[in-house]
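Peer 1: Work out the full structure: start from the sequences and follow the hints.
Chain order of the listed sequences is A and B.
First residue of the first sequence: 1054, per this note's numbering; consecutive thereafter.
First residue of the second sequence: 1054, per this note's numbering; consecutive thereafter.
To be clear, the hints were calculated from the coordinates, so they are not data collected in a lab.
Hints may be right or wrong, so weigh each one.
Output of the computed footprint for chain A on chain B, the stretches with three or more beta carbons under 8 Å from beta carbons of chain A [stated by the list, open to error]:
{"no.": "1", "stretch": "1216 to 1229"}
{"no.": "2", "stretch": "1270 to 1279"}
{"no.": "3", "stretch": "1305 to 1312"}
{"no.": "4", "stretch": "1560 to 1569"}
Looking from chain B toward chain A, a few residues come up when the C-beta cut is under 7 Å (computed) [to be verified]:
{"no.": "5", "residue": "G1298"}
{"no.": "6", "residue": "Y1443"}
{"no.": "7", "residue": "G1445"}
{"no.": "8", "residue": "P1504"}
Even for Gly, the Cβ is constructed at its ideal location relative to N, Cα and C.
Protein chains: 2
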Amino acid sequence: MAPRPTDPYPELSWWGWGDPDQVPQLPDSVRTLLSDGLGVRGPIGRPRSPSEVPLVAPRLAGEVAAQLTDTVGAAHATGEHEARVRHARGRSTPDLLRLRGGDPLAAPDLVLWPGSHEEVLALLWICSQERVAVVPFGGGTSVVGGLDPETTGFAGLVAVDLRRMNALVSLDEESRLAELEPGLRGPQAEELLAARGYTIGHFPQSFEYATLGGFAAARSSGQASAGYGRFDEVVMGLKVATPAGSLVLGRAPKSAAGPDLRQLFLGSEGTLGVITSLTVQVRPVPERRVYSGWRFGSFAEGTAALRRLAQDGPVPTVLRLSDEAETALNLARPAELAQGAGAGGCLAVVGYEGAETAVEARRAGAESVLRAMGGEPDPEAGQAWERDRYRGPYLRDALLDAGALVETLETVAFWSRLPNVKEAVTSAVREALSAQGTPPVILCHVSHVYPSGASLYFTVGCAALDDPVAQWQLAKAAAGDAIEGSGGSISHHHGVGRDHLRWYQQEIGEPAGAILRAVKTQLDPAGILNPGILIPGGPK
Amino acid sequence: MAPRPTDPYPELSWWGWGDPDQVPQLPDSVRTLLSDGLGVRGPIGRPRSPSEVPLVAPRLAGEVAAQLTDTVGAAHATGEHEARVRHARGRSTPDLLRLRGGDPLAAPDLVLWPGSHEEVLALLWICSQERVAVVPFGGGTSVVGGLDPETTGFAGLVAVDLRRMNALVSLDEESRLAELEPGLRGPQAEELLAARGYTIGHFPQSFEYATLGGFAAARSSGQASAGYGRFDEVVMGLKVATPAGSLVLGRAPKSAAGPDLRQLFLGSEGTLGVITSLTVQVRPVPERRVYSGWRFGSFAEGTAALRRLAQDGPVPTVLRLSDEAETALNLARPAELAQGAGAGGCLAVVGYEGAETAVEARRAGAESVLRAMGGEPDPEAGQAWERDRYRGPYLRDALLDAGALVETLETVAFWSRLPNVKEAVTSAVREALSAQGTPPVILCHVSHVYPSGASLYFTVGCAALDDPVAQWQLAKAAAGDAIEGSGGSISHHHGVGRDHLRWYQQEIGEPAGAILRAVKTQLDPAGILNPGILIPGGPK
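Peer 2: If you want it as structure tokens, here you go:
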């Protein structure tokens, strides 16, 4: 096996989400839904080992590979097959389907694990000189094609895996700021901080595997973002290595000294530079965490309650609402779900974290609003959510195994547009899949709220056809068109990557696209950083 | 008098701050401080009418002037002397001193009042073609030289005054969003919204005269920003006219669709485009407003209390703390002040706005923290602050009349650096002015708090020398060096303009400066927008 930096945290499995032992058995009710409700035919197979995944042959010249290897040290570079497979794709369903079979996969020629900002700078300099494309690699959890750059015209592709850079550099307790390295995965960062009594409070579904650098580069939003803020709100400082040199941004919480350039690198998805250090706002580890379930008669009623809390407070730490279909599935009533019924109403999860007394005060205030807005407490639902909060991606692996096509997509819009966006996306996806003979189940929830709007997160499942990647692409395209047409943004927290580029271009238009190209040209004149990702009008 | 759009809101006086009738008489205690404590000699005179202010002769070619005039209509363009004087400078003390006397002043050749986004676009197109510099003009309240562009190499300078664009375009009550035009001054915007039951809650000291476009372009922060957010936090959408075309940014509260490009125009100070519409978060007009005074034994003790509230909550709507010297002056004990004593301790103002019950809950929570941190209530101080919250600039006019040099400057830093920044700035300014034989009085307050840091706002007063502009420049340079050297940002809410450019360049470094130049070149290839302002490495 190739040299690979190790840490005590498990890696993503090479063919799916995390630890394969955690992939659940599907309950009988779901199996019945798949076979009887959706007409799922047979299992989708997968190779037994990474060596069975065919890859496009590497083409990086030996001399350049040697130069790059020397920069990080031979112990921290490899061109071995398994490492290439592990850095070939993110974790969207199309990514997983491509790992399960098909033509030889494009993959980095070389995987490099730099240990410092200076090593990253040196790698970018060499790659610029030699016109080698670079994919900055954190946890590998992108679901928007962010790890699959376009390499036509380049002398090769290298993955710059940041996971060796995993230190808590410093902690300023007075300002409650921690400087952290980008390769820290969620649990690693939280353990280092917890030992000092602090937390970032950033818990996206990808928490167990994604890295801090990835959270920043993709503008991640966590399940507790209502309380702790989105990741782009907790980042106070950034250090970035670019082919044009280093940037150190953020010497105060907020400033009127010009545009906020931190906001240009947050969401830059590795196309403008490599984030090598982050200074983030931390908080004391909460004394208390409470998650409660609340049931509403309908999605509209539940949404009104969430809006009231987001606008007038008190704002809970976690605030989410499943629609009728998702609620039915959570209640293990898939039969209802297939019929589109919503007898179980809509389930909300409302969580509070913080100091004992603050939690109680916030909870009392929020609960009186929830009751006034028609909610009824459902105590067990909060615990069930807490138990399963990171389980979704494992379930997808099991469903793919069983022959279902399952994928998620998400958007965000102002409150007044939200019902239209939900309806437009649902109809578009339903039509696109039904037209292919595979009518889907579509679940939706609100997972992030703001005073002026909220996110919508959709889960789609149907029977897989022979070419499920092409099958999904039609649905995804319909969804993207529906989002843009109804006034949503193409992503609330997944990012743009390669998969959303078409709609992103449409969303920001010109000359906004030209701004990004100008910045890209300034910082990365050879265009080596994640070509084909994010930047409108860049390589396709 | 030239044609000039009128509205029922008073204009800035041409020689100072607002309505001259509101310039106060100085109390005897202050007069004694000026003469005995600071050695102020004689009054600083001023012209009796704008016609007495000498201006550099206009040089814009008649044909170009006619083309620009045609674009907005003859009723909305003028080259008359008084209008030129009124658009020549902002309202920093050096600006006011230059209006009071000296060589002929640079001023726009022509003042234009466009009525629409399309007219602004057309003006920018003509000016780009003809290489005419443009100063976008809102309320005219810049205190950082933001209205005094470098025009060498240009065929002339025109002011594009946005105040005709003063409509409430639309109100989305469900999302609590208002689309507003940029020329609305603070009270105008608040009146339009109050008629529908809403407020933006943005009340900087310049509130009465500054415009929404200016708030956005300069990243303004209001006195109630702890509660309502900074202006850059309430802006959800922007429409911008640039020589390269139009941008419409922001279709959701937050998004992971790439970098947040709104944050590039917020703080762009008219150098990248002209903001022609803003969509801002609004809130219901508060049922209740309460401002209370709290006294602390020392600035360090008071700062600790503010930090506790900012970090652990509950966060009041208004939160500010005067140091010992500012407290002494507020208590009308200028004698103490001249001796540097602080017998009166430090006064904090803590305000709460919102629904009745929410105000009471927040107040109870905050007051228990304030007491626990050593604070003692001082009921009258809250009312005094409310009465005088917009009075500072009027007082400056009276002090200049009396022969005192008075100016303010501000910064922001992380909490752990704050004591050093305060000490460094105070020492540097004291030394720079004492070395000129005019030892100053220096007051300071914290006016904006964040979980990770706070702003510091300094007021400096001393006897004016014969060339008070040069006298102040030495102090200002020393302050800028001290801010950068001690880890503060060169501005928390005044902006960069021309006066802070040197330190701003140092603060962001390269290649960050190159990013701004690249964006500027993309959007404004002829470089007509506010040349010499903000952009590092641009015209000096």
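Peer 1: Compare the structure with each hint and give your call.
Peer 2: Verification of the hints:
no.: 1; hint: 1216 to 1229; result: holds (count 4)
no.: 2; hint: 1270 to 1279; result: holds (count 4)
no.: 3; hint: 1305 to 1312; result: holds (count 8)
no.: 4; hint: 1560 to 1569; result: holds (count 9)
no.: 5; hint: G1298; result: 5 Å, holds
no.: 6; hint: Y1443; result: 19 Å, violated
no.: 7; hint: G1445; result: 18 Å, violated
no.: 8; hint: P1504; result: 6 Å, holds
The structure fails hints 6, 7 (numbered hints given earlier, in ascending order).
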